[in-house]
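*Asks:* Sequence:
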Amino acid sequence: ELTPIARKTIYRKIEGFGKIFWELPLDAIDSKIKSLKESENPPHQNFIKGLSQVIPALDTFLDTTSLDSESDDFCIKVYDSVHLENSEILRTTGEFQGREWFSDVMVTPAEDQEQYSSDEGAWYGKVLLLFKFFCGSFKEPYELALVRWYDIDPKEPLLYGCPQLYYTGEYNAIPVGSINQIVHIVPRFNKENRLLLNKYMF
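Each residue of the sequence shown is one higher than the last, beginning at 1 in this note's numbering.
Among the hints, erroneous ones may be present.
What the hints assert, rightly or not - For lysine to aspartate or glutamate, the following EDC-like pairs were computed, each having C-alpha atoms within a straight-line distance of at most 20 Å:
id, residue 1, residue 2
1, K37, D73
2, K139, D73
3, K132, E15
4, K132, E88
5, K77, E156
6, K155, E192
7, K199, D104
Unchecked claim - Just the calculated beta-carbon pair ranges, DEER-fashion:
id, residue 1, residue 2, range
8, K191, I20, 35 to 41 Å
9, S39, R99, 17 to 23 Å
10, E170, K37, 19 to 25 Å
11, I55, Y167, 26 to 32 Å
12, V186, G18, 21 to 27 Å
13, P25, V186, 33 to 39 Å
14, D73, E40, 32 to 38 Å
15, K49, I14, 37 to 43 Å
Derived from the structure by calculation, the hints contain no laboratory data.
Cβ atoms here follow ideal geometry from the backbone N, Cα and C, with glycine treated the same way.
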């Protein structure tokens, strides 16, 4: 299980967002998903999967804030990338230099979060969406990433000196500034839902 860590989450500065994909009120997300699925050129499935998880992820996120979750004035702006202060770029695109690119990231969890195994106090996730969340009369939007979490394989946690991971069915909206760094995670060939964190890349 996750070992509690006695340190606060450090929020990193965001230099800027990239190109806007969509601007949507929350009550229009379902119809947007339907139109994307029926499109002759649908986007990468990660976008559809991410949009389908926005509402439940934001419900969980709002539980940690003082905002009124019943407001009708919520909307999101979805972007293709975010430039971080350390010069790293988070990307969510179905086509970048000839291949898909949805950034894998490392996050330090809060002390009371224990549902996943950790790797030296870190969790790993794949970013499906990058978006700003506008909350009615609240002036500044929240800058969030919709993340699907990995967990560590309990039967074989290490392989070739690297943590062996698998996708969970859990998604969260997390502040972009809480992401520690981008990491390199690669699928194992001929192994369904088994991936390796390449620690030699960072």
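*Asks:* Does each hint fit the structure? Answer for all of them.
*Replies:* Cross-check of the supplied hints:
Only pairs whose Cα atoms come within 20 Å are accepted, and K37 paired with D73 is rejected, the gap being roughly 26 Å. Only pairs whose Cα atoms come within 20 Å are accepted, and K139 paired with D73 is accepted, the gap being roughly 12 Å. Distance restraint check for K132 and E15: the Cα-Cα separation of roughly 14 Å lies within the 20 Å cut-off, and the hinted pair is therefore satisfied. Note on K132 and E88: the hinted pairing holds, with a Cα-Cα distance of about 19 Å set against a maximum of 20 Å.
A distance of roughly 40 Å separates the Cα atoms of K77 and E156; the hinted pair therefore is violated under the 20 Å criterion. Straight-line distance between C-alpha atoms of K155 and E192 comes to about 15 Å, which keeps the hinted pair within the 20 Å bound. Restraint check: the Cα-Cα separation between K199 and D104 comes to about 13 Å, which is no more than 20 Å; the hinted pair holds. The hinted range of 35 to 41 Å is satisfied by K191 and I20, whose Cβ atoms lie roughly 37 Å apart.
At roughly 21 Å, the beta-carbon separation of S39 and R99 lies within the given 17 to 23 Å, and the hint holds. At about 23 Å, the beta-carbon gap between E170 and K37 stays in the expected band of 19 to 25 Å. Take I55 and Y167: their Cβ atoms lie about 20 Å apart, and the range 26 to 32 Å is violated. Our hint of 21 to 27 Å for V186 and G18 holds, since their Cβ atoms are close to 25 Å apart.
Separated by about 38 Å at the C-beta atoms, P25 and V186 satisfy the suggested range of 33 to 39 Å. The beta-carbon spacing between D73 and E40, approximately 33 Å, falls within the hinted interval of 32 to 38 Å. Distance hint for K49 and I14: a CB-CB separation of about 24 Å, inconsistent with the stated range 37 to 43 Å.
Violated hints for the displayed structure, listed by number in ascending order: 1, 5, 11, 15.
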